[in-house]
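Colleague: Residues per chain are reported as follows:
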Amino acid sequence: MTDLPPAICFAKVSKVFGGVKALQDVAFEVGQGEVHCLAGENGCGKSTLIKIITGVYQPEAGAEMALFGEELAAITPNLARQRGIAVIWQDLALFPEMTVAENIAFESLLGNRPRRVDHRALRAAAEAALARLEVSLDLDARLGTLPIAARQVVAIARALVSDARLIFMDEPTASLTQAETDALLAVVRTLSARGVAVVFVSHRLAEVLEISSRVTVLRDGRLVGVYPTEGMTQARLTELMTGKTLDHQVRARDTSGDPPVLEVEGLSRGNEFRDVTFTLRRGEVLGLTGLIGAGRTELSHVLFGMNRADAGMIRLEGRVLRMRSNRDAVAAGIAYVSEDRLALGLIQPQSISDNAVLAVLRRITGASGLLSPKRQEDLVAHWVRELAVKIGKPGDAVSTLSGGNQQRVVLAKWLATEPKVLILDCPTVGVDVGARAGIFRIVRELAAKGLAILLISDEVSEVHVNADRVLHMAGGRIVGEYDPRSTPLQDMEAAVYA
Amino acid sequence: MRDFLRAYPAEAKLLAVLVLIVGFLSVASPQFLTLGNLTSLLNNNAVNLIWAVGLLVVLIAGGIDISFAVAASVVQFVAVSVLIGMGGGNWALGFALVIVLGIGLGLVNAALIHGFRIISIVVTISTFNAFFGLLMFFTGGRSIYSLPDWLSQPIYLWEYQTETGWADIRLPVAVMVACLIATWALIRHTTTGRQLYAFGDNPEGARRAGINIWLMQAIAFGWCGMMAGIAGLMQAHITREVVPNALIGRELDVLAAVVLGGARLGGGRGSVLGCVLGVMLVAVAQNGLNLLGVSPYAFKMVVGIIILAAISTSNIDLAAILAPKRRDRE
Chain A
1 MTDLPPAICF
11 AKVSKVFGGV
21 KALQDVAFEV
31 GQGEVHCLAG
41 ENGCGKSTLI
51 KIITGVYQPE
61 AGAEMALFGE
71 ELAAITPNLA
81 RQRGIAVIWQ
91 DLALFPEMTV
101 AENIAFESLL
111 GNRPRRVDHR
121 ALRAAAEAAL
131 ARLEVSLDLD
141 ARLGTLPIAA
151 RQVVAIARAL
161 VSDARLIFMD
171 EPTASLTQAE
181 TDALLAVVRT
191 LSARGVAVVF
201 VSHRLAEVLE
211 ISSRVTVLRD
221 GRLVGVYPTE
231 GMTQARLTEL
241 MTGKTLDHQV
251 RARDTSGDPP
261 VLEVEGLSRG
271 NEFRDVTFTL
281 RRGEVLGLTG
291 LIGAGRTELS
301 HVLFGMNRAD
311 AGMIRLEGRV
321 LRMRSNRDAV
331 AAGIAYVSED
341 RLALGLIQPQ
351 SISDNAVLAV
361 LRRITGASGL
371 LSPKRQEDLV
381 AHWVRELAVK
391 IGKPGDAVST
401 LSGGNQQRVV
411 LAKWLATEPK
421 VLILDCPTVG
431 VDVGARAGIF
441 RIVRELAAKG
451 LAILLISDEV
461 SEVHVNADRV
471 LHMAGGRIVG
481 EYDPRSTPLQ
491 DMEAAVYA
Chain B
1 MRDFLRAYPA
11 EAKLLAVLVL
21 IVGFLSVASP
31 QFLTLGNLTS
41 LLNNNAVNLI
51 WAVGLLVVLI
61 AGGIDISFAV
71 AASVVQFVAV
81 SVLIGMGGGN
91 WALGFALVIV
101 LGIGLGLVNA
111 ALIHGFRIIS
121 IVVTISTFNA
131 FFGLLMFFTG
141 GRSIYSLPDW
151 LSQPIYLWEY
161 QTETGWADIR
171 LPVAVMVACL
181 IATWALIRHT
191 TTGRQLYAFG
201 DNPEGARRAG
211 INIWLMQAIA
221 FGWCGMMAGI
231 AGLMQAHITR
241 EVVPNALIGR
251 ELDVLAAVVL
261 GGARLGGGRG
271 SVLGCVLGVM
281 LVAVAQNGLN
291 LLGVSPYAFK
301 MVVGIIILAA
311 ISTSNIDLAA
321 ILAPKRRDRE
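Chains as they are written, first to last, in our numbering: chain A, 1 to 498; chain B, 1 to 330.
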């Protein structure tokens, strides 16, 4: 591989947007057939760099650019495509109502002048692309009927039809289960073996570290460095991305003497999870980790009354809970904040006050049954004080707040339902490393006030640092319980990611 | 068979329902399954079908058009006035004129939608009002009763005497068949047609893939306008008059029939076969009620119920029911 010129060899790349330096003197090199990872927080310049490589943006003068050994003075989107650079965006840009074959060989349908569609050639091109990936899919199936993972394969196959020799994949594993991720990684290995380079752009580092050979880290528009992934840990990579030695001090405390709030015994549901037993105590942060597909989210849906268990029992403060829907769960005192909610759970142009009371509108109605502004005001004032949200006026739009304060407003919304148990399902998905610290600060404050918190996360380091105890779930069962004070992070990671 | 069910689930279901209704009516009413009744069904629905395939292309491209029936009235009036002014004209000139005028009105819609980035329903409700207002203003609501001879003489393509009377196929049916075939060829067998599907399905994905968005809007609304113009000419030919407010209101019947035929309001789905079945189902139901002596006031109600029933069951997957059961689905 070393005798081939690199697929991408860029140096001294800078880009200024209206006086803001988005990229400063960045170098980026990817070998042919290499699997490479491009890492960095939101706003670090990753997408700007991709857009320069694909010709969407032009870099500032002085940049050195070469694709497959050919020095180029300027790159246009067409030129990049011709040279075999393809990007698979997170939303895939596919056509769900069209067939798999049409999606893969879509290029042959392009052009302003109408031509007769050669259905046979189209199928043949699609079949050939799938064969190169060593995958078989039903060519006549409507794309919309396929699972996300298969659509991803279709997107990759489409890139191959246009002779891609280097494929950028933006957050490719974000919504895949473990089995699907494994299948995707197998496809990537096949590509790599055939000389097609793949650049992962990802927040989810565990899978990416496993497959890529090198990682390029960007921070604030500058190159931090290029590192081999061998021996690289997630914690080290996070440090490189944020530039902060993140506080890895364990905060766990002994909670065994506290009164139990939520007791779960022998809970099972279909093939989702089996025989789950644990106790969540007052003021405790209980971590629940495991790979995607381990049954964590399915378990939380049952705890929140959205699905019913086949067997087992849930007790809240000693009373057996029988929930028919999540309304019963809310009434009993269980709140559930799903993935992304801390990032997306607000109606931005509406006021802080209106956002905060969204989940408890029934509680702020007056005697007449209409909304009572007075009650709303009191409720909002209470939670602003309780969560120490820094706001101007409750009537200001949520969008005027900083990210950390917005997260507090989201939590206020759920806490206004006065829960005894708070379930946080992957609260940091799509959230920058820096902003994550803010979320966990709030989590710990809430626990200190007596709330029982079930913290679900697929990043072991998160629960290791923030939870008092950690449950490990795999294949639908609780397979281990760890005390972060006595189990080092490395051991816990080794057990979970094994 | 399974392939057909999988590729055209809505159409297959509609076909089944149509067969059931036809079966029931042919037993319940002796007049229904006669050659005369069937050919008159065709003759009477040619105009609706021409509109339907025009609207289909707009729906596939993710738009909607409320203005086409009114546009047909405008084209009718302008074209007939021009032809009379020229001293009569002929079929070739008549077709050329309505096609050009129809495409022109369609492009007005496309230009407003693309130029000002307004959603198509708002634009076409506006042009629906503007077209109709202008037409009524300039005609003063007056109809044209004396059409050129070539236009007002019925043209029989095929005649046959049965025991119950004459059965015949007239010119509008042939024009309708030509419009169906042209639309089918466009959307199934040209790259432009597949781009229309893609654009309606995922506009952002289509834009990124390099599809010319303006061209898509222009083709979709131009095609719909062209069909509206042709339908207008056929309507004048059938009724032997041009009445400015004769067609207004028909757009919603056609829209309902096309959606019934499996076209999706969100774009990206729909077929010519579905259009035919949708229009025919409504037509056969009305015809049947008529023959059974049901009050005409009940027609709209029954048609409404049929459409509601068809659309609310559209998630039932026939292919999955007929497929051999797999032991475990992963």
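Read the hints as simulated data drawn from the structure, not as lab findings.
One should not assume that every hint holds.
Reference excerpt, derived from the structure (chain A facing chain B, CB under 8 Å, subset only) [claimed, not checked]: (1) L94; (2) G111; (3) R116; (4) G438.
Pairwise CB distance ranges (calculated) [said to hold, decoys possible]: (5) R194(A) / G210(B): 44 to 50 Å; (6) I305(B) / N112(A): 57 to 63 Å; (7) H382(A) / F116(B): 43 to 49 Å; (8) G392(A) / I118(B): 20 to 26 Å; (9) G210(B) / T277(A): 54 to 60 Å; (10) G210(B) / G225(A): 45 to 51 Å.
We treat Cβ as the ideally placed atom computed from N, Cα and C, and that holds for glycine.
Colleague: Now tell me if each hint is right for this structure.
Modeller: Hints, verified against the model:
1. Taking 8 Å as the C-beta contact cut-off toward chain B, the hint placing L94(A) at the interface holds, the least distance being around 6 Å.
2. For G111(A), the interface hint holds, since its Cβ comes within 8 Å of a Cβ in chain B; the closest pair sits about 6 Å apart.
3. The criterion of a C-beta within 8 Å of any C-beta in chain B is met by R116(A), whose closest approach is roughly 6 Å, and the hint holds.
4. A distance limit of 8 Å between C-beta atoms decides the matter here; for G438(A) the minimum to chain B is near 32 Å, and the interface restraint is violated.
5. In this structure, R194(A) and G210(B) break the distance hint of 44 to 50 Å, their C-beta atoms being roughly 26 Å apart.
6. In this structure the supplied range 57 to 63 Å is violated for I305(B) paired with N112(A), their Cβ-Cβ distance being about 45 Å.
7. Range check, H382(A) to F116(B): about 47 Å between beta-carbon atoms, so the 43 to 49 Å window is met.
8. Hint check: G392(A) to I118(B), Cβ distance near 36 Å, so the stated range 20 to 26 Å is violated.
9. For the hinted restraint 54 to 60 Å between G210(B) and T277(A), the CB-CB distance of approximately 56 Å keeps it satisfied.
10. About 37 Å separates the C-beta atoms of G210(B) and G225(A), a value inconsistent with the hinted range of 45 to 51 Å.
When the structure is compared with the earlier hints, violations turn up for hints 4, 5, 6, 8, 10 and for no others.
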